[in-house]
Amino acid sequence: METVISLSRRRLLKMGAGALIVRFTLGQPSGDPTKPLDPSEVDSFLVIHSDGTVTIYTSKVDVGTGLATAFRQTAAEELGIPVELFTVIEGDTALTPDHGGTGGSSGIPRGAADIRRAAATAREALLDLAAQQLKRPASELTIAAGVVTHPSGRRITVASLIGGKRLGLKVNPNAPLKNPSTYTVVGQPILRADVPGKCTAKHPYLQDFTLPGMLHGRVVRPPAIGAKLLSVDENSVRGIPDIRVILIESFLGIVAKDEWAAVRAAREIKATWSDWAGLPGSQGLDSYVREAPVDRDQSIANRGDVNAALSSAAKQLSATYFWPFQSHASLGPSCAVAEAKESGTTIWSATQNPYGLRANLAKVFGISQDKVRVIYMDGSGSYGTNGADDAAADALLLSRAAGQPVRVQWMRQDEHGWDPKGPAQLHLLRGALDASGNISAWETQMWVPDGPQGNRALLGPESAAMPQTHGQGAGLMTQNLDPPYAVPNLRVVSHHLKGTPLRLSNLRAPGKVANVFAVESFADELAAAARMDPVAFRLRGLTDPRGIEVLKRTAGMLDWQTRLSPNPYAAEGDLLIGRGIAYVRYKQAENYVAIGLTVAVHKATGKITVRRIVCAHDCGLVVNPDGLRNQVEGNILQTLGRALHEEVIFDQSRVTSVDWVGYPILTFPEAPAVQVALIDRPDEPSYGAGEASSAPVAAALANAIFDATGVRLRRVPFTAERVKAAFANA
Amino acid sequence: MPQYKFRVNGGPVTVDSWDPDQPLFYILRNTLALHGAKFGCGLGQCGACTVLVDGKAVRSCITPIKQVAGRAVTTLEGLGTSEKPHALQSAFITEQAAQCGYCTNGMIMSAHAVLTKTPHPTVEQIKQGLAGNLCRCGTHTRILSAVLREVSRLAKV
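Residue numbers (my numbering), protein chains in the order written: chain S, 1 to 730; chain X, 1 to 157.
One should not assume that every hint holds.
To be verified - In silico contact screen, one side only, chain S against chain X (beta carbon under 7 Å); selected entries: (1) 64; (2) 660; (3) 668; (4) 721.
In short, the hints are calculated from the structure, not lab data.
Backbone N, C-alpha and C define an ideal beta-carbon position, used for all residues, glycine too.
Using the sequences and the hints given, assemble the complete structure.
Take a look at the structure:
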């Protein structure tokens, strides 16, 4: 980072005496053409400098999750160098090895594991180098605090052994790893390096990034998703100074030196568009999803004879659940800066997948990949693929057209209206109980609009009629459709629809949030039918001791009284009080999480108040307990908002919920106290924790509402109107 | 071009704006290179752009520059620095009350305004005071803890 005193601005502003404008120019890191990027090389991940500091290079990015701090701890632990000496460079295709994008909670189990192996390989090499220097066997040496020491007192610093030089080594997948019982850095609540800057406006965000000669760009999206641009009246923006209108087929953009000029021009320009009304509308979307043409059926599980077990059962139950389209609803709209030059194109972006974005942009724009550099910078939290990649394409289109660097920041209606969405999901569940109240059969069917895999079409290039693929991947939607409980006869089928009304992408815990809502609500319905306490019913079907432990811990934190639901002691004046619980083994293979909560439902207004949430969380070895808690609390509160409020509303032409009134999220007065119990298992592998605790929230809430009111809500969001309507129908 | 004189973080400034309705937000970020205020909605709905004008929390994204003339603006930079943070900023750092940090500016500025008006607020008063500030990462409990930390510090001084 270099500090530039901008004299021209200083003069322009006629600042008072002593006032000084200091502008931070976050130029490209100087880079080093000799630095390897191959993920099989240690030097690709780690550089030890001559002053003893260490830089970690990774394609995984920290979108506010604390991942970079976990990387620093992991590398510091294996290398024996103080964690304060580590910095992280994330997601720069000219500097960082490509070991995957950021998503699916893979940052810790795969990202940190790669860095750990590179650091372990480096430690072995450093011990060998030190052995030569100190003339003592490597097996007698240890590294701590950045110093290699022999019991005789001989010592040498790591910096003087290797500082500034390359190790030139392949990552050894079998390099000996430190025993977790000796850890001193991993497992500690190390403070995040980014937080002080975020609290004092010093942290460099993508939104703050500028280049010399940079223009501000805005894109005018069509009033209907498939509308074509027919004409533009440039006179309509004649009064706005120094703007240029950029037209490429149906792509309509504005660039201007002054950002406010670009904003006003994009808002005021008069354009005529063709009519288009190709959407089903969000009203009655559940029926649409159930009846739309199916592309393929996917069998997830099939054992025993479900039909026979259902027809011979003592009790049979079926229920339909619906989860709407939801938005990432990033607090800051997506942003990007692009500089298209003959010599090469550079994109600054908050994308979660810099290498993926580079490959896609290179393909769509017909540029060789080695002529495109994508540099990640922190933006507003993304929770999956929000509009970041689309904004990058917008900026590149505008920069190429304008011949200057262009910064695009979407407006609020662009992000809410046009970010790719998490898909709607419809679940039909059937279950049977035997005479002793055990689950004898279970069937889950899901209908989900998720089209072909592959890159989703970028908005700008689509308007500009550039050829591209039209994938609609939304992540691994089918995990956790099966119950985590013992069921002798089980059938799980996913019906993938041929198309989707809205563009899709991965949204935090893709599919799993809705799947666990359906599965764990239905488990509660079965418990009620079996005349059993919901915790006792679940424990009967669980054999995994880690699952049993989180369920028991959560029930304990909530002072769970063993009894049937609904709550026989519910009334507190106009408020009905209840408790609910839900459990998940995330992806049926990773974290164990149980969430319990207490709720008050107003009899007359239907308003839901969550009073308290508790969570027991087991993700194996905990790298940073404070960072983990922060993430788990965040998952829980974000998903509480998704369950209470969030639904993308659209008509036949476009998304109409395009601000925080039309698409509300959780607010401060609604946020309850959250208590998290972490179960640390140093001898077990770490799973990522960026998603798992989202999954049980909606079911725990629905189960608590049932406990309070006797009414079962099967459609998200649980707005006060929906609750009132459910009361009326009860 | 019309000029507007006001104070920012204690010092006088004079800025040009071709449009008297240009929001203060763009002047702060683009003319004065003060990046504390963040663009969230441009509609006054989310609070990410909050600054203090004469000590009161306002949404800089919907405050026209013409209304700021002659007044005193405080941004996040004006409270304190990373090296010498304001006590409220320190409380946020100690509680690690951020994930992406995009809402943090608004949370700190709004909380500052709450504590200026009500130095000994109840939990409910803090929550109501931050009701217009959205956080998408779900760091509400930590933000509340940070403000409460500052409340208890103020109670001791």
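ask   = Does the CB of residue 668/S sit less than 7 Å away from some CB of chain X?
value = Cβ of residue 668/S sits 4 Å from chain X, so the hint holds.
message = Just to be careful: measuring from the Cβ of residue 64/S to every Cβ in chain X, is the smallest value less than 7 Å?
response = holds, 3 Å
ask   = Does residue 660/S pass the interface check with chain X, least Cβ-Cβ distance below 7 Å?
value = Holds, because the Cβ-Cβ distance from residue 660/S to chain X comes to roughly 4 Å (cut-off 7 Å).
Restraint outcome when residue 721/S is required to lie within 7 Å of chain X by C-beta distance = Hint violated; residue 721/S Cβ to chain X Cβ min 21 Å, cut 7 Å.
Checked against the numbered hints above, the structure breaks only hint 4 and satisfies the rest.
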